[in-house]
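Participant: For the protein sequence lines, the chains are A and B, in the order given.
Going by the numbering used here, the residue at position 97 of the first sequence is 97; the numbering climbs one at a time, nothing skipped.
Going by the numbering used here, the residue at position 142 of the second sequence is 1142; the numbering climbs one at a time, nothing skipped.
Please note that a few of the clues may not be correct.
As the list claims (entries may be wrong) - On the chain B side, residues computed to face chain A include the following (Cβ under 8 Å): (1) 1046; (2) 1066; (3) 1092; (4) 1145; (5) 1147; (6) 1230; (7) 1232; (8) 1237; (9) 1239; (10) 1344; (11) 1347; (12) 1357.
Claimed, not checked - Pairs of lysine to any residue residues, derived as SDA-like cross-links and limited to a Cα-Cα distance of at most 20 Å, are as follows: (13) A:34 - B:1325; (14) B:1350 - A:162; (15) B:1059 - A:161.
Read the hints as simulated data drawn from the structure, not as lab findings.
Ideal Cβ positions, reconstructed from N, Cα and C, are used throughout, including at glycine.
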Amino acid sequence: MPLSPAITDIEQLKSHPALARLLEWNAPMVQSVKFDREELTIWIEKEAIREACAILRDSPDCPFNYFCDLTAVDWYPTEPRFEVVYHLLSIAKKERVRLKVRLDGSSASLESVTSIWPSANFYEREVFDLFGIRFTGHPNLKRIMMPDDWEGHPLRKDYPVEGYR
Amino acid sequence: MVSDEPDQDSTLVLNMGPQHPSTHGVLRLILEIDGETVVRLRPEIGYLHTGIEKTCEAKFYQQVVPLTDRIDYLCPMTNNLAYCLAVEKLLGLEIPPKAQWMRVMMNELTRINSHLVWLGTHAMDIGAFTVFLYCFREREDVLRLFEMVSGQRMMTSYFRIGGLALEPPLGFFEKVKKFADRFPGNVDEYENLLTGNPIFTMRTKGVAYLSPEDAIALGASGPTLRGSGIDIDLRRDAPYSGYENFKFNVPVRSEGDVFARYLCRVQELRESIGMVQQALAGMPEGPVKADAPKVVLPDREKMKTQMEALIYHFKIITEGFAVPAGEVYQAIESPRGEMGYYVVSDGTAKPYRVHMRAPSYANLQTLSRMCEGQLIADVIAAIGSIDVILGDIDR
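Build the full structure now, drawing on both the sequences and the hints.
Facilitator: Listed below in structure tokens is the structure:
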């Protein structure tokens, strides 16, 4: 299976249930899309992520009701520095979608989705712990992997692999 | 700083773990109890955090494989497979059929291995010691099979990017066949000891109930989700590595209690051994490594006779191989649920980011919902029934 080039044109991808639903809801909130290696990625405006998740979860045709995963990628030293990555699954339709939010290093915070999926609780704590990204509205945002008095956020690219000596 | 004051005057905060015989690893639970009843339960994790995700970023792609074994130490090959599939998807690499079938077969043996440890320890927590000895007896047979193909009992690293590490040795399939013929009788033995056992059913039926809505909202997967009546199995619904060639049933129970999850897993043991039989019967001939000299290490024999093979070997070992930029999320059905590998490549020979969606991590979040309002003795049964592996949670 040789790799085919990624599709980034919104018009061509409109038929995907997740993208169709988001465009119908509020098209300006969709920054860009990419279909690569059979996976769809949608970049969402930072302010709209919680609402976008709620819209996708309650979509009548293809409800993305299962929250698979949440993580982040640090693109240090470029700006916007962080990408927060959400993976959603529709149990009924077996469809997957990846949502992404770009964040500046100086204001790394966004709205929590724990009110939509309680399962996001641990994942957001993990991203907070290892990347230092804050989630507003999270019920218990504190470190989960590292000790409470740990300094720094280990998965940031400017954190040395051996740790600070 | 986890010392919490109780909410009410009548309650008591009790610490359980991190070293506790029934928590299967260093899991710490903070229980707020009112007499014998659990009012609040909070898991504290992170005691086994080793920063594997960070370590991956400093290794070549092929050097990450042994790290993945150490995440979920009861199903090393499942982790190997998820990682290898993700990188192969990034590369656009096709895997020969024999390697795919071997991967399925070893994965189902891994599932049996993992479920046997779960069954033994879960039954022992509830007070049935004999089952533990029986399960570990059969588990030993599976570990011997692992040792035969990979040289290792637990940290196998048998799957490599592009195929398998080695051809299975002579006599291996006969050994698997012998085991597969015997094993259904062993499962009958376990069921004789447990399924109709009044003490076991009293301790498990109706205990630690999880509704289907809660199971989805809290991110449960695998038998924990199927025990609550949600019919989803990635082997059937999103087949990978040739699972579409296999016939099997997905056990689903709607009761949502500890006993339902027990029945799902025991039935999965039978389905898995059926798949091993199918793999043995239909095992294709051919190579076990993809024809991609820049990615797959050459055979020892070729290295001694062909200049190119030696050069490729040297290049892969010293410089790794570049993977085209992009990202993939590869989810597979591990014994515990959806195991997803999110791999981001920036076009170099080292992964830019590797993230594991660990099934136990999400499953653990259901524990509070299962236990709150229940008796403290049922916490033990609930922990066993979600089958957490702390290496998987903390990574």
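Participant: Take the hints in turn and mark each one as holding or not.
Facilitator: Tested hints:
1. At a threshold of 8 Å, the smallest CB-CB gap from residue 1046 of chain B to chain A is about 4 Å, leaving the interface hint in force.
2. At about 17 Å, the closest approach between the beta carbon of residue 1066 of chain B and any beta carbon in chain A exceeds 8 Å, and the interface hint on this residue is violated.
3. Satisfaction of the interface hint for residue 1092 of chain B is found here, the shortest Cβ-Cβ separation to chain A being roughly 4 Å, below the 8 Å cut-off.
4. Against a cut-off of 8 Å between C-beta atoms, the interface hint on residue 1145 of chain B is violated, since the closest Cβ of chain A lies about 31 Å away.
5. Because the smallest distance between the Cβ of residue 1147 of chain B and any Cβ of chain A comes to about 32 Å, over 8 Å, the interface hint for this residue is violated.
6. At about 7 Å, the closest approach between the beta carbon of residue 1230 of chain B and any beta carbon in chain A falls short of 8 Å, and the interface hint on this residue holds.
7. Below 8 Å, beta-carbon pairs count as interface contacts, and residue 1232 of chain B has one with chain A at about 6 Å; its hint therefore holds.
8. The closest approach between the C-beta of residue 1237 of chain B and any C-beta of chain A is roughly 5 Å, which is under the 8 Å cut-off, so the hint is satisfied.
9. Contact between residue 1239 of chain B and chain A, as hinted, is not supported at the beta carbon level, the nearest pair being about 11 Å apart and thus beyond 8 Å.
10. For residue 1344 of chain B, the suggested interface contact is upheld, since its CB lies about 6 Å from the closest CB of chain A, less than 8 Å.
11. The closest approach between the C-beta of residue 1347 of chain B and any C-beta of chain A is roughly 13 Å, which is over the 8 Å cut-off, so the hint fails.
12. At its closest, the beta carbon of residue 1357 of chain B sits 4 Å from a beta carbon of chain A; the interface hint therefore holds under the 8 Å criterion.
13. With a CA separation close to 13 Å, the supplied pair residue 34 of chain A and residue 1325 of chain B stays within the 20 Å bound.
14. Proposed proximity of residue 1350 of chain B and residue 162 of chain A is supported: the alpha carbons are some 17 Å apart, at most 20 Å.
15. Of the pairs offered as hints, the one joining residue 1059 of chain B and residue 161 of chain A holds, with about 11 Å between alpha carbons and a cut-off of 20 Å not exceeded.
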